[in-house]
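Work the whole structure out from these sequences, hints included.
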Amino acid sequence: MTVVQQSPNRYLDRPAPSSLADVIDTILDKGLVIDIYVRVSLVGIELLTIDARIVIASVDTYLRFAQAVNRLDLTETGDAKGLPDLFEGITESGAKGKTSGALEGVKEKFEELFGGDEDEDDEEDEEPQARTQKKTAQRRPQKRASRSRSQG
Amino acid sequence: MSDVLVHVYGAIPASARLPGGLTGRLGRPIRLVGDDRLAVLVSDVDDDSRVRREDLLVHAHLLETVAEETTVIPTRFGVLVPDDDTVRREFLAHQRDHLLALLEAFDGCVQLTVHATYDEEEALREVLRRDPGLAAARESVDLSDTAAQLRLGEAVSRALTSLRETAADLVVDRLRPHALATSLNEVRGAFDVVSVALLVRRDDRAGLDAVVGDLKRQLSGQISVRYVGPQPPYAFLDHVVTGERSWA
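Taken in order, these protein sequences are the chains called A and B. Numbering-wise (this note's numbering), the first sequence opens with residue 1 and increments by one. Numbering-wise (this note's numbering), the second sequence opens with residue 1 and increments by one.
Hints may contain errors.
Here are some of the chain B residues that sit facing chain A, going by a computed Cβ distance under 8 Å [stated by the list, open to error]:
| id | residue |
| --- | --- |
| 1 | VAL81 |
| 2 | SER157 |
| 3 | ALA190 |
| 4 | TYR234 |
Which stretches of chain B does chain A cover? Using the computed rule of at least three CB atoms under 8 Å from a CB of chain A, they are [as the list claims (entries may be wrong)]:
| id | segment |
| --- | --- |
| 5 | 50-62 |
| 6 | 66-79 |
| 7 | 136-146 |
The set of hints was computed from the structure by calculation and includes no laboratory data. Just so it is clear, CB atoms sit at the ideal spot from N, CA and C, and this is done for glycine as well.
This is how it looks when you write it as structure tokens:
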């Protein structure tokens, strides 16, 4: 099931305890709830949650991006090639047959970044794991399920 | 009327062994309210206790400490019951089948979470490098023309979204073979690439640890990687509720 690559000098990373930023996706959002016993006045926590929800599509953000790219020093990237519609459809980068020349360039860049193909990359034939396809859609039913149980 | 309430952290199998001396909110001892099969982790809090950020961390870290040792089904933060009898009624009785099913489904499993965030300058550099149109727009934009600046910023924003999605796919593709299941958390920042929860066996983490180590090294300077856990299986609880136990 799990592929463990044996390599004697390979660096194993150790996970760290969660930080305050993590609680938004964990203890404030998920887990068993018994509604009638939720009694917390979360003034500070609401603020914390809002802090973390940066609104991306806003005038302020666009202006900030424009200013940020204007400030950027691009001296080392003067030879950028013409790559039209660069990242459109790039989620198909794993499907090699569909990859256009331009997209290959992107893929190469990432493989450079990600260390290229290793043997764990040939997993296209595996049955799809429970990778979430419905990012937020799946978040709510859990609570409802718990609630209905707790009140039943 | 009691001035003391019972804060509920989560449920574990009654047979589990925990380290001694665990403490919860306000530094008070963790107690177990249990029966022959289930035990609920609780501690006492004052009725008027205000919730501070530290309380959130205590709740999260207690569950992580327990997750190192045994399967734990977390309670969402903020469930406070009047007394131990209510714990017995609500959790050990009303939720009994639900909790036993969850504990069985996640037996031996923990969640680990990987967060990847693009370095802001590197991400902007990358979108300009890949899109000469954007690079040209940057050169020609009139700094006094707000509308033109907005158009540029919006184009950059779109390009960043695509870049993040590309990077997210690549990160997740690298991690997925080492997990029983994966689940994506919502990402919030413009430079957040991905936040992915991975379900793994507690005693079979080495593959994931190694790949995360590789990613950290390879992406260094471009994308920072944060590795959190072991945690209770927060992101996967509803997969069981809805009957999707694809890792079992």
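Going down the list of hints, with the structure as the test:
no., hint, verdict
1, VAL81, "5 Å, holds"
2, SER157, "6 Å, holds"
3, ALA190, "5 Å, holds"
4, TYR234, "4 Å, holds"
5, 50-62, "holds (count 9)"
6, 66-79, "holds (count 7)"
7, 136-146, "holds (count 4)"
In summary, the structure agrees with every hint in the numbered list given earlier.
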